[in-house]
Amino acid sequence: MLSLTQVQKRFGAVEVIRGVDLSIASGEFVVFVGPSGCGKSTLLRMIAGLEPISGGELSIGGIRMNETAASQRGIAMVFQSYALYPHMSVYKNMSFGLETARMRKAEIDRRVRKAADILQITPLLERKPRQLSGGQRQRVAIGRAIVRDPKIFLFDEPLSNLDAELRVQTRVEIAKLHADIGATMIYVTHDQVEAMTLADRIVVLRAGIVEQQGTPLDIYNKPANRFVAGFIGSPKMNFLDVSAAAGGGDAATIGLGASRFSMSIRRGFDASEPLTLGIRPEHVVTGGTAEIDLGTLAIVHVEQLGGQTIAYGRLADGQALNVVLEGQRRISAGDSLPVGAMAGGCHLFGSDGLRLNS
Amino acid sequence: MPNAAAASARAVQGDDLAGYGFLLPWLLGFLLLTLGPVAASFYLSLTDYSGLSAPNWVGIENYTRIATDDPRFITAMTVTFTFVLLSVPLKLIFALGVAVALNKGLTGLSFFRAVFYLPSLIGGSVAIAVLWRQVFAGDGLLNQALHTLFGYEGPSWIANPSTSLYTLVLLAVWQFGSSMIIFLAGLRQIPQDIYEAASIDGAQPVRQFFKITLPLLTPVIFFNAVIQTIDAFKAFTSAFVISDGTGGPIDSTLFYTLYLYQEAFTNFRFGYASALAWILVLIIAAFTALSFLSARYWVHYDD
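Listed in order, the protein sequences are those of chains A and G.
Under this note's numbering, residues 18 to 375 are what the first sequence spells out, in order.
Under this note's numbering, residues 1136 to 1438 are what the second sequence spells out, in order.
Watch out, some of these pointers could steer you wrong.
[Unchecked claim] Some chain A residues close to chain G (C-beta under 7 Å, calculated; not the full set):
1. Leu67
2. Pro69
3. Gly79
4. Asn83
5. Met94
6. Phe96
7. Ser98
8. Ala100
9. His104
10. Ser106
11. Phe113
12. Gly114
Keep in mind the hints are simulated off the structure, nothing from the lab.
Don't be surprised by glycine CBs; every beta carbon is placed ideally from N, CA and C.
One chain only, chain A, in its complex shape:
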């Protein structure tokens, strides 16, 4: 129902959004994620109508919207700062847009009270924003979006001003809200946990380009390139320099230190091409069951999280490798650990950064 076709944004000579194609289905929860400066907020603001579109086309419900005023696009937006009207009561904050649209008083009242009920802010309706906590302001901002009864909700990093506990709680509530009202939601964040937990589909952006889009697990399991692999997942994926001992057809023999193993690949490559092997810390296997032997890890630092143990170490050839182990392991700096991996947990990237294994 919403589609972007070769959408571009230029500020003078600087191109911030460089030809984005995207189509979002009705009721879908899409998360734009990427490092700061990747253009994710700009893209959202272009959809909202707060930022003119320099090139390409935005359409909502099949109608071109490039030149349509923000208020006519059928969207509502929740800002990072909440952007509540500081001089208006909570009730007025929510009713302002409806009054502007000259809606009947009784209908305005019905909508405001219904939204307040959903968000459990009815007791706060007469308060001013300054008398509210951060979490309550956040709810009012969402309430102001709900009363407009929009086809599309836009969220611009809505949780970044909340403390950790409230962030988790509000995240769950936003997911529940989406399930309840079923509207399309587009959500911008730099927090990959929010992206993984909320999204039907994640769109990973870097420098104004869509690097990959897919379901959270698709992106986690099959990152399209080294950037996405490193960006999604915490702790970050390990990257090891490997050599291609031999490659032909749809399989290659990979050499890492003294160990040799075979991986299925999508394209041929030159034997001299430097390759990168990616293994998530939680996919490193200790003990003898590994399909691929990575040698011995010399541990330099250990973090005990209670439920997990994180070990930071170096392989025999000096490359850094981090390992997440389930449970509380009695290991400490100076110990060594035999490490390996399963073939399914390995990602191979060519010198262009693109995924090589299938």
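Starting from the known structure of chain A, fit chain G onto it as the hints suggest.
Then chain G, alone, in the frame of chain A:
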């Protein structure tokens, strides 16, 4: 350790002395040039002091005469209140209008800001009042322009009692610069995303101005209104220069301060003038107090 205690007490005293020493230049100025004259004027307001002979105590006679038997006091009050009630709102509206226009992200903002501020820098001076007289006199610039453009023979605006006060209002409004600078700073304080939220809510620029900008600017409007009102009550130079110190024609520009000046320095009734001054103080204080009392009903403070 009595000696140590005494030594440290001496040291503290030494520090105190140094502190007062640094304070002295300001303190002397305050006591001799501000507090002293203020107290003296209150005493003099209860005497018949003429500046030439010693003051004689007359009690509240000056005040009763002002209240019951002084037609020029009534005239001065009328002129002054007319001036204040016209010039302050007009100046604020004008200053806000220009500030909003300048805030639209105009290129060369600092240039225009400086140009618009210029009249406020030089406007209070005698030279500008003299210039004003040249513009609004019978053969002044304004009438020459009217004659050239429309063939209209204008009157002498400053010699005509029905227009003379309005030329002074115009001169005051022209000095809108300092209010404008403060408004501009206030406009900059309003976060941009509030306007973005309002535009998503469908509010057009006019509605945004009245529903968002104006309410959020009320603390600045309040500040400017109080400062400008006090200033307007104290206005003197322009009326003095344009009317040659008479407040004429026929007392039409007899500002309160001008009347006070005439009583003191033309008629040598320093006692009476002191009483007039204290009444002006009370009027300004009452106005300011009223403003602060009303503020809770219309001024929005964020915290």
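Status of each hint after checking the structure:
Among the interface hints, the one on Leu67/A holds; its C-beta lies about 5 Å from the nearest C-beta in chain G, closer than the 7 Å criterion. Of the supplied interface hints, the one on Pro69/A is violated, with its beta-carbon coming no nearer than about 13 Å to a beta-carbon of chain G, more than 7 Å. With a least beta-carbon distance of about 22 Å to chain G, the hint placing Gly79/A at the interface is violated under the 7 Å criterion. Look at Asn83/A: its Cβ only gets to about 16 Å from chain G, farther than 7 Å, so that hint breaks.
About 5 Å separates the beta-carbon of Met94/A from the nearest beta-carbon of chain G, less than 7 Å, and the hint is met. Hint status for Phe96/A: holds, given a least beta-carbon distance of 5 Å to chain G, under 7 Å. Because the beta carbon of Ser98/A sits about 6 Å from the nearest beta carbon in chain G, less than 7 Å, this interface hint is met. Among the interface hints, the one on Ala100/A holds; its C-beta lies about 4 Å from the nearest C-beta in chain G, closer than the 7 Å criterion.
Contact between His104/A and chain G, as hinted, is supported at the beta carbon level, the nearest pair being about 4 Å apart and thus within 7 Å. Violation of the interface hint for Ser106/A is found here, the shortest Cβ-Cβ separation to chain G being roughly 12 Å, above the 7 Å cut-off. The closest approach between the C-beta of Phe113/A and any C-beta of chain G is roughly 5 Å, which is under the 7 Å cut-off, so the hint is satisfied. Interface hint status for Gly114/A: upheld, as the beta-carbon distance to the closest one in chain G is roughly 3 Å, under 7 Å.
Going through the hint list in order, the structure does not satisfy hints 2, 3, 4 and 10.
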